[in-house]
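Trainee: Residues per chain, in single letters:
Number of protein chains: 2
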Amino acid sequence: MSFEFELLARDPNSRARAGIFHTPHGPVPTPVFAPVGTAATVKALSPRDLADLGVKLLLSNSYHLYLRPGDELVRDQGGLHRFMAWDGPILTDSGGFQVFSLGESRQVDADGATFRSHIDGSLHRFTPERVMRIQENLGADIVMCLDECPEPHDRAYNEVALARTHVWAERCRASHLRPDQALFGIVQGGIFPDLRTASAGFLTGLDFPGYAIGGLSVGESKEEMHAMLDVVLPLLPETKPRYLMGVGAPEDLVNAVLRGVDIFDCVLPTRLGRNGAALVRGGRLNLRNARYAQDPSPIDPQCDCYTCRHFGRAYLRHLALSNEILGHHLISLHNVYFLVDLARQMRASILARTFAPFATDYLAAYPLPANERDVA
Amino acid sequence: MSFEFELLARDPNSRARAGIFHTPHGPVPTPVFAPVGTAATVKALSPRDLADLGVKLLLSNSYHLYLRPGDELVRDQGGLHRFMAWDGPILTDSGGFQVFSLGESRQVDADGATFRSHIDGSLHRFTPERVMRIQENLGADIVMCLDECPEPHDRAYNEVALARTHVWAERCRASHLRPDQALFGIVQGGIFPDLRTASAGFLTGLDFPGYAIGGLSVGESKEEMHAMLDVVLPLLPETKPRYLMGVGAPEDLVNAVLRGVDIFDCVLPTRLGRNGAALVRGGRLNLRNARYAQDPSPIDPQCDCYTCRHFGRAYLRHLALSNEILGHHLISLHNVYFLVDLARQMRASILARTFAPFATDYLAAYPLPANERDVA
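Those protein sequences? They're chains A and B, same order as listed. For reference, each letter of the first sequence is one residue, going 1 to 376 in my numbering. For reference, each letter of the second sequence is one residue, going 1 to 376 in my numbering.
No wet-lab data here; the hints were simulated from the structure. The model shown is predicted, which means the values in this text are computed figures rather than measured ones. Every residue, glycine too, gets a C-beta built ideally from N, C-alpha and C. Heads up, a few of these hints could be off.
To be verified - Label pairs and their computed distance ranges (CB to CB):
(1) Ser117/A to Asn286/B: 23 to 29 Å
(2) Asp111/A to His118/B: 55 to 61 Å
(3) Arg284/A to Ser117/B: 27 to 33 Å
(4) Ala293/A to Leu177/B: 25 to 31 Å
(5) Asp361/B to Glu72/A: 50 to 56 Å
(6) Gly121/A to Gly78/B: 39 to 45 Å
(7) Leu123/B to Ser105/A: 46 to 52 Å
(8) Gln302/A to Ser101/B: 41 to 47 Å
(9) Arg291/B to Gly282/A: 48 to 54 Å
(10) Arg125/A to His118/B: 27 to 33 Å
(11) Asp361/B to Arg281/A: 54 to 60 Å
With the hints as extra help, turn the sequences into a complete structure.
Mentor: Dropping the structure here:
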């Protein structure tokens, strides 16, 4: 089965591109934002809500599904698509990020990682081959190599971790069986240009159908993130999709698309939604704030999501203060729409060759990273 | 403004009726089940979900909205319909039931009740006139008299409370201002046929556009509930709708429609949904049970709700065990549909003159109250 990436347009003024990544569950138009369904559900949104919002790709987490309900149970229920009733494309991560986030509950060695479940403390082990079997059982369209995501400024640790990540990428590739799953390699290397360069070189040598950039948006500055994207993206083949893992702030999406990224995922819109915060151009509204107590206007009068077409801030504030599920639902719905629609707008402007002014205009509403004030 | 009750059909074998209650926000076909939106939201369901399910009437709670966000705020936001984006008929209770449920946090006197908020302990007072003003501010189509709902077996207390309830009914009626709101009287009297008879007589003398039966499903047996319905309903005018407050178990709906009830409300379907329990013919499925861990079948293969058309028990169990909001949503959706659809089926069979066999067949799946085993 082929996972063709159709490159439809390149922005003449930046490295931005628009394309289509073809998967067994349909095409993914890029740039694209994928909301996260950690436990086989995007929190507070149903599959029909997601389809209504124009979601084209979902991410789900192997670590969580492996622990509960178990990847073999998901397989026996017909795979993740059928289990969660989402017939569109799905991407699963390898579980590495969650395992390495467990801190003292895990131990890494050259062969993999041993860890304790955050649910019941039971002992588990992930190796490259094991996470491939788990992801086969889940059955996503796009699957990820096991990688290690270290603190980005620790040079010595990044060198050790990167060597492991490369060996694991080779082992994942060798162990990859299902032709209906595209296995992506993950570029690591912290904030170190030479490590990032080496990683991109090594992984492109393995010829993956797509490449992820990991280890960013994990504590480094925006300038450092942009610098790493500037190093890595020109080294990746134009003919393959590029996926920036875990990034979801609107200004980060625009800055990354400018640098050549195609795919994003993040828990941000749903996490903010459950906390009563709504994404708007230039920032966020904290709907719990007393200033909205009597405000009948929608989150964003320009937005045409269900929430903005029907509900005022005073009502959403009431729901948030009352901790009502409908508040989580309605604000998450708006936030996911906000990012899905941003990706759609970027795509349209790239296709129309107007992305440079679009990006300049969009970013003008956001504070600039300190060292980029002069260039923008 | 007139609130006409159109009586379309009477069942030849019971007191069951089918009709239409006309309100300023549209017709309510009866029998009807109204889900409860305590805090101006039916928990975990959006207004478009409710419309999809065929919901024709919503109930909301004056006590809760008075305390948060405040009835005046709701009025200033355009009233409850606009605030919560539900354009169909709404019924509000008077708040009395919640106040009298507060136990030691409230004191009742002949003029009303003083109570402490369950949210912040602040002191408040409800009188008949006050609850009319609150319900005017909220702006529901159907509003309720202030009544006292005592423990049903305490004869002495029921006598005192009933006298107050009747005075308050007169005061509510005298204080009723908005012609676009129908004020219903509430028959009380515990499990005592003579008190119920007196209450029905007194209230029908005040000529309300509809009558509620309160003080049932609050601790008495099913036999006692049925006996009180058998006493009260023949005393209420045929030309007015009858509303049995707080009743939502499927077998109770059928038994009450057999006895002449038109309108029901209950938190049951959404509360069960949040606890992982699904209504099915004859009982409930506890979806947290291990027996459903690998079960791919829907809650009910015959049901055509969104949940049953797309999701299996194994998935719903996973959501319930993971405490995922989508689990609350999907199971609540099924449960509300179950009761709305039951009311719709009862209505159709009354109109088709086939209600007696429908009810017999339906109730056969449920255990009978002890003293009714012979008669059914």
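Trainee: Please go over all the hints and tell whether each is borne out by the structure.
Mentor: Structure-based check of each hint:
A beta carbon spacing of about 25 Å between Ser117/A and Asn286/B agrees with the range 23 to 29 Å that was offered as a hint. About 56 Å separates the C-beta atoms of Asp111/A and His118/B, a value consistent with the hinted range of 55 to 61 Å. A C-beta distance of roughly 31 Å is found between Arg284/A and Ser117/B, which places it inside the suggested range of 27 to 33 Å. Between Ala293/A and Leu177/B the C-beta distance comes to about 27 Å, which sits within the given range of 25 to 31 Å.
Between Asp361/B and Glu72/A the beta carbon distance is about 42 Å. The supplied range of 50 to 56 Å is therefore violated. Taking the beta carbon of each, Gly121/A and Gly78/B are about 52 Å apart, not inside 39 to 45 Å as hinted. The beta-carbon spacing between Leu123/B and Ser105/A, approximately 50 Å, falls within the hinted interval of 46 to 52 Å. Between Gln302/A and Ser101/B the Cβ separation comes to about 45 Å, which falls inside the hinted range of 41 to 47 Å.
Distance hint check for Arg291/B and Gly282/A: the Cβ-Cβ separation is about 52 Å, which falls inside the suggested range of 48 to 54 Å. The supplied range of 27 to 33 Å is broken by Arg125/A and His118/B, whose beta-carbon atoms lie about 49 Å from each other. A beta carbon spacing of about 58 Å between Asp361/B and Arg281/A agrees with the range 54 to 60 Å that was offered as a hint.
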